[in-house]
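Participant: First to last, the sequence lines map onto chains A and B.
For the first sequence, our numbering assigns the number 80 to the initial residue and increments by one for each residue that follows.
For the second sequence, our numbering assigns the number 1105 to the initial residue and increments by one for each residue that follows.
Just so you know, the hints here were simulated from the structure itself, not pulled from any lab data.
Where hints are given, some of them may not hold.
What the hints assert, rightly or not - Computed spacing ranges between beta-carbons, pair by pair:
{"no.": "1", "chain 1": "A", "residue 1": "Glu237", "chain 2": "B", "residue 2": "Ala1438", "range": "54 to 64 Å"}
{"no.": "2", "chain 1": "B", "residue 1": "Arg1147", "chain 2": "A", "residue 2": "Glu188", "range": "37 to 47 Å"}
{"no.": "3", "chain 1": "A", "residue 1": "Leu157", "chain 2": "B", "residue 2": "Cys1483", "range": "45 to 55 Å"}
{"no.": "4", "chain 1": "B", "residue 1": "Ala1151", "chain 2": "A", "residue 2": "Glu188", "range": "47 to 57 Å"}
{"no.": "5", "chain 1": "A", "residue 1": "Gln160", "chain 2": "B", "residue 2": "Arg1155", "range": "13 to 23 Å"}
{"no.": "6", "chain 1": "A", "residue 1": "His85", "chain 2": "B", "residue 2": "Arg1147", "range": "27 to 37 Å"}
{"no.": "7", "chain 1": "B", "residue 1": "Ala1438", "chain 2": "A", "residue 2": "Gly204", "range": "54 to 64 Å"}
{"no.": "8", "chain 1": "A", "residue 1": "Gln240", "chain 2": "B", "residue 2": "Ala1144", "range": "14 to 24 Å"}
{"no.": "9", "chain 1": "B", "residue 1": "Pro1475", "chain 2": "A", "residue 2": "Gln160", "range": "48 to 58 Å"}
{"no.": "10", "chain 1": "B", "residue 1": "Thr1458", "chain 2": "A", "residue 2": "Ser191", "range": "26 to 36 Å"}
{"no.": "11", "chain 1": "B", "residue 1": "Ala1151", "chain 2": "A", "residue 2": "Cys189", "range": "49 to 59 Å"}
{"no.": "12", "chain 1": "B", "residue 1": "Arg1155", "chain 2": "A", "residue 2": "Gly219", "range": "23 to 33 Å"}
{"no.": "13", "chain 1": "A", "residue 1": "Asn88", "chain 2": "B", "residue 2": "Ala1144", "range": "12 to 22 Å"}
{"no.": "14", "chain 1": "B", "residue 1": "Thr1462", "chain 2": "A", "residue 2": "Gln208", "range": "37 to 47 Å"}
Beta carbons are placed, not taken as given, at the ideal position from N, Cα and C, and that holds for glycine.
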Amino acid sequence: LSTIEHLFNTYHQPLVRYLVRRLGDRDWAEEIAQETFVRALRQEQIVSERAWLFAVATNLVRDEARKDARRRRHLELLREQARAEEAVDPEPTSLERAQDAAAARRALECLSERDREALLMREEGLDYQEIATALELSVGSVGTTLARARRRLVEAHEALQQGKGTQGTRGTHAAS
Amino acid sequence: MQHLDEGTIHAWLDGALDAEEASRVEQHVAGCATCAAAVAEARGLVAGASRILSALDDTPSVLAPRSSGGGSTTRRSSSLWNTLRLTPARAAAAAVIVVAAGTALVLRRAPNDLEDRAILASAKGHGAPAVMELPPAVDSLRIARAPERTATTAGGAPDTLVVAAPSRALGGVAVSAGRSVAAKTAQESRVAADNKVRDRVTSADTVARSIAKGREDSTRQKSAVSANALEAVVTTSAPSAAPAPAAVGRALGSAFSNVSSVGCYAVTADSIAGLPQRLSFDTNRVQMSPLMQRAPAAPAARNADIAMRDRRMVSSATTGAMTPMIGAQWERLADGRIRLSIASPARSVDLTPTSNSTLVGSTTVDARVIPVTLQRIECVR
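Given only the sequences and the hints, what does the whole structure look like? Please build it.
Facilitator: What follows is the structure, given as structure tokens:
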């Protein structure tokens, strides 16, 4: 039991962030994280904890995503776009943040699943060995995977930004 | 040596190469302008990708109004409750379980009335307590003992009733048991108010520790082991000014014809107050908690009461359109001030109109008084 507590305290936050970034849906992310830790409870022994947790979470996402991938992705995009675009009289920094998030989401969708997962795992501090374990890659290919993922992400993001042009109007707001 | 491939450069920057390889790369980069440029570019990609991805952390839940501030992920407490799906709706369900299973609040006479008036609120994932707001009309509370559970009461200051359930006992079960159990227990428990009793709440600040036995799936129970305590706070508004007739809340409600406070406002307050940046006082939205809808069938008067309550909902927005805030309400006090009650974080702000378009008040956070100003703005929906 103390093991699960340790696992939880150590990895919950990065795992949820990984999943939120991956899924664009906090509730969904937390459901997957919960299921991951429930599975960890059932597991007798976990050798590479972080790699195991991220692998299980990733597989859960894939399983679910397979079921209704297109529908969900579409909805996510619509929601993020709606949040960004329907913001009339917006609080400026929030509007910017919503737009940033929508652009980042779209850019991330341009990556292959594996590249995306590897990159998101790396961002949560997994080392190459752990990423290789979680995604069943060879350690030697992780660098190439990450290089490709980062390049695509940045390039896709730039392309989206340029395509969009600048958005001018800013509302006023009083909150500090 | 050949030029470095991009994968090796990234591996090097990520510190994934062993010492020998790393020094080889380093040497090469020092003497090769092409590769030095590639390294510089790779650094840019590493940083750029991180920056882009961090924008994704600003992903809100569907209903929970996010307070202003930075990355919401990092701000969330790393509690098992989060993992155990403590979404607003679920937290609301959990709050009902805690309250219903752990205690029965029994007020003299007029059974069900309190239920009518209690506004079920929810906690965000921040570990903020779930709140049930009770109207000023609730004058006295009594904690009844429920089987299998303990409830202790203590006298003291008159404003707050805290119902706390140590999560070790409640665990994920309460949360995952979810709405069905919540609805059921809510029905089972008798929560009643006496809206005619004039005496103030004298037994305030009552703390009930309720230990509910999880009866579900042991796996979930196990996972609850390190969960933080879930607290449900039941707040009764302190009777303001002179002995407010208990019926005053209702009278105000039914006589509520002054709609001048209705509208949208920009909120100025320290972010610690956790208030939305924009909110609106609504009178025309009918928003009922599904849990409350499942409360026992009500007499006609009760329905009228519910409608009245629902017309005083609050919506909020940080970005985009106004969204109804779960558990938030506003009311006009006898002295003309507006009381804004927000569930998550639990805040109560009494606002004094200083002009047609400005409401000024304050709220207390961790013993700090935070000034709050609401400035009327154009409503855009």
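Participant: For the pair threonine 1458 (chain B) and serine 191 (chain A), does the Cβ-Cβ distance stay inside 26 to 36 Å?
Facilitator: With Cβ atoms ~58 Å apart, the hint is violated.
Participant: At the C-beta level, are proline 1475 (chain B) and glutamine 160 (chain A) separated by a distance inside 48 to 58 Å?
Facilitator: violated, 37 Å
Participant: Quick check on a hinted range of 23 to 33 Å for arginine 1155 (chain B) and glycine 219 (chain A), using CB atoms only.
Facilitator: About 27 Å separates the Cβ atoms of arginine 1155 (chain B) and glycine 219 (chain A), which means 23 to 33 Å holds.
Participant: Assuming the hint says 54 to 64 Å, is it satisfied by the Cβ distance from alanine 1438 (chain B) to glycine 204 (chain A) or not?
Facilitator: holds, 56 Å
Participant: Against the range 47 to 57 Å, how does the distance between the Cβ atoms of alanine 1151 (chain B) and glutamate 188 (chain A) compare: consistent or not?
Facilitator: At roughly 21 Å between Cβ atoms, glutamate 188 (chain A) and alanine 1151 (chain B) fall outside 47 to 57 Å, so the hint is violated.
Participant: Falls inside 45 to 55 Å, the C-beta gap from leucine 157 (chain A) to cysteine 1483 (chain B)?
Facilitator: Cβ of leucine 157 (chain A) to Cβ of cysteine 1483 (chain B): about 24 Å, so the range 45 to 55 Å is violated.
Participant: Quick check on a hinted range of 13 to 23 Å for glutamine 160 (chain A) and arginine 1155 (chain B), using CB atoms only.
Facilitator: holds, 21 Å
Participant: Does the Cβ distance between histidine 85 (chain A) and arginine 1147 (chain B) fall inside 27 to 37 Å?
Facilitator: Once the Cβ atoms are compared, 34 Å apart, the range 27 to 37 Å for arginine 1147 (chain B) and histidine 85 (chain A) holds.
Participant: Is it true that glutamine 240 (chain A) and alanine 1144 (chain B) lie within 14 to 24 Å of each other by Cβ?
Facilitator: Between glutamine 240 (chain A) and alanine 1144 (chain B), where Cβ atoms are some 21 Å apart, the hint holds.
Participant: Measuring from beta carbon to beta carbon, are glutamate 237 (chain A) and alanine 1438 (chain B) in 54 to 64 Å?
Facilitator: For alanine 1438 (chain B) against glutamate 237 (chain A), whose Cβ atoms are near 60 Å apart, the range 54 to 64 Å holds.
Participant: Quick check on a hinted range of 12 to 22 Å for asparagine 88 (chain A) and alanine 1144 (chain B), using CB atoms only.
Facilitator: violated, 38 Å
Participant: Check the following: the C-beta atoms of alanine 1151 (chain B) and cysteine 189 (chain A) are separated by a distance inside 49 to 59 Å.
Facilitator: Violated: the Cβ-Cβ distance is about 19 Å, outside 49 to 59 Å.
When held up to the earlier numbered hints, the structure conflicts with 2, 3, 4, 9, 10, 11, 13, 14 and fits the remainder.
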